[in-house]
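Chains as they are written, first to last, in this note's numbering: chain A, 1 to 409; chain B, 1 to 409.
Keep in mind that the hints were calculated from the coordinates and are not lab data. Since we're looking at a predicted model, the values are computed, not measured. Watch out, some of these pointers could steer you wrong.
Ranges of calculated distance between the beta carbons of each label pair, as one might list FRET restraints [to be verified]: (1) R122/B to P161/A: 30 to 38 Å; (2) E309/A to D151/B: 53 to 61 Å; (3) I36/A to E87/B: 28 to 36 Å; (4) R399/A to G236/B: 53 to 61 Å; (5) S18/B to R368/A: 57 to 65 Å; (6) N166/A to G236/B: 54 to 62 Å; (7) S18/B to G209/A: 29 to 37 Å; (8) R368/B to H229/A: 28 to 36 Å; (9) N166/A to S68/B: 42 to 50 Å; (10) S68/B to T23/A: 43 to 51 Å; (11) S68/A to P278/B: 43 to 51 Å; (12) R19/A to S68/B: 27 to 35 Å; (13) E239/B to R368/A: 31 to 39 Å.
Note that CB positions come from ideal geometry on N, CA and C, so glycine has one too.
Protein chains: 2
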Amino acid sequence: MFEINRYYTELPKSYLFSRIAKTVADFKSKHPDARIISMGIGDVTRPIAPAAIAGMTEAVKAMASADSFVGYGPEQGHAFLRSAIAETDFSSRGIDIADDEIFISDGAKSDIGNFTDILDSRIKVAVTDPVYPVYVDSNVMAGRGGHLLPDGRWSGISYMPCTESNGFVPELPRTAPDVIYLCYPNNPTGTALTRHQLGMFVDYARRHGALILFDAAYEAYIESADVPHSIYEIEGAKECAVEFRSFSKTAGFTGLRLGYTVVPKELYGLGADGSRVPLRQLWLRRQTTKFNGASYVIQCGAASLYTPEGREQIQQTIQYYKTNASVLREALQQAGLTVYGGVDSPYIWAKSPAGYGSEQFFNLLLERCHLVTTPGNGFGPSGEGFVRLTAFSSHQATREAVSRLSNLL
Amino acid sequence: MFEINRYYTELPKSYLFSRIAKTVADFKSKHPDARIISMGIGDVTRPIAPAAIAGMTEAVKAMASADSFVGYGPEQGHAFLRSAIAETDFSSRGIDIADDEIFISDGAKSDIGNFTDILDSRIKVAVTDPVYPVYVDSNVMAGRGGHLLPDGRWSGISYMPCTESNGFVPELPRTAPDVIYLCYPNNPTGTALTRHQLGMFVDYARRHGALILFDAAYEAYIESADVPHSIYEIEGAKECAVEFRSFSKTAGFTGLRLGYTVVPKELYGLGADGSRVPLRQLWLRRQTTKFNGASYVIQCGAASLYTPEGREQIQQTIQYYKTNASVLREALQQAGLTVYGGVDSPYIWAKSPAGYGSEQFFNLLLERCHLVTTPGNGFGPSGEGFVRLTAFSSHQATREAVSRLSNLL
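In isolation and in its complexed conformation, chain A is listed as follows (with noise of 0.2 Å):
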């Protein structure tokens, strides 16, 4: 009988979102009466930007006619959406980014899911803890893990623990690896990366000629100013690191999806012979051998929101959950709850109060205000004692919710 990954049986068995998924059917069912409020898993709430919406339903119309019908696209996506990113995305922030070091895709998680098939399977990788699951699920699917530790960390994967006594600002990895996961602004914790904080990691990976892999999906939500919107606004980043980027937080794709990856020419990695092989080549060559191209129709949605009204307004959405975001954080430390992030991103990290861990925080914010959360340790063993709200509900939701909260609290 063939055999399968043996990696894949090493996982805990089900992605923690899905988990968190089943205990909320669970408990609807027994409640079918509480009126939930939903602020665990990172799902946007208000609708497209009305830009976006003409944008897709002239592209539908177009698909219906022979004359204008659109088949096939390039693999890396259409130029007219490439353009406009590298202009409004880059360009216009002093970045440059030509449109052939932009790869359009169905989506972020796709593509960080993706991007280590083009690197070899023995190579060393850090990641923050806490952490987005996928970083390190992929990386164990693939044999980097090592083997599972009891709490919860993986034997081959360092950890770079973000923690109140840090600041949230990861420490340098002690041993060199060859790949640094970074997201910033930070899922789970909502904080950020000032651009001197960002700039050690760059030169620390020029140094050690590692790969930063940057997860740039909140980036819409930063106010302060110094906090970089791109990695490549570090000098010498280009050398060092690919950014993902992704409209469901920006733009509210999550269920249209797409997202795109910027491998820049001058990112080397090193051959079997010790040749220096650019990534976007082997980028290039994975997508085109095992994707094809992401859907016409949201590529034209996502080219209408780098007009001048598409922009206005999916900054208004973005107002629309900031504001949230200042609502849950003021109303959780009026109720005396200590909380990080929300300010340059969605989420908020809100210790739990004393003698709750995470689940047990989580819990009782379920089964007595009827509030979805995510147990801050299911992000790995530094995300304990926390959970997790996003702020993608709407103002109403929020408000109820804060209200619960400030009665429990």
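Chain B: place on chain A using the hints.
Only chain B this time, still in chain A's reference frame:
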């Protein structure tokens, strides 16, 4: 410096279709006035069926309002689409496939390219020759290729020649592989397997504990009564086969992006500890970790095709292309060429005139008829001496191509 996946650099420089696109682009730039007819890459040209347009239009509209907005869907696809597929594509043919054995994705190419992630890295793979390059390249990327032989084949992969002498019905592999890729109706030869012929493979796979990865992307073109539409029409196939389906050639979704994969619950692989592990669980884990679902808008479009009007509309388009296939097939035969395929398939496999290899015939057709085909040797050494033509052009272009061909040949 971090090491790359060295297997990527062992692959020939560029993917077949990208290379052809470049040849054609070069020709176009030298002959800007040439009215080129493309029968090379398998892209469709007819507009999307009105039912799907209506479904997508409505879905886009729903996204414009908070009440009907849809965020993250299940990674394995929305229930409404999975149940429509289970009913129409399987149950109506007497095949019992449960909704949760169906995984919707952004396309068959992604699923086929990614599927062996869940298998051991050392599995032995068998493919037909000629072959759709993705089956081979994705395994080479995973380190299963061995080394490249002078004829373009790989030492670590078993090839099952499909030639005129065996009527394009591959012989069963001599040394038992772990995985057998089959694409029927076949890309590129356009030939099909009868129920009996496919049954031989199912029996073989069950006897040897092999897995069949069955690519049924062209199922909608089948007209012969004894050609199965699904491998699950064969007794025992659920215990040994995964089936990939695509909306690209069925409903013109090449630019919209949608496909699905069936992983039956009866299908097990061998774990490292000797246990039998359900493949469905592994694929679910892969998709929930590295994929975030297909676009809601596109899933709504596809679901609308499972209505009676939708069925009727896509049948009309398929008949349109099948008419092209007949016209092409007859014209080529009348011009004295030997042709295969084009009956249960949109592909025609035309034998080059005496004295011409695949590339010479490809160049002749490009230069003299301004007709783009695909050289058969690009699909493997047994494809030498053939070119592939697709029936996806308009009637008018097909007639024009036939006229140019008749003048030339």
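Quick check: which numbered hints come out false for this structure? 8, 10, 13
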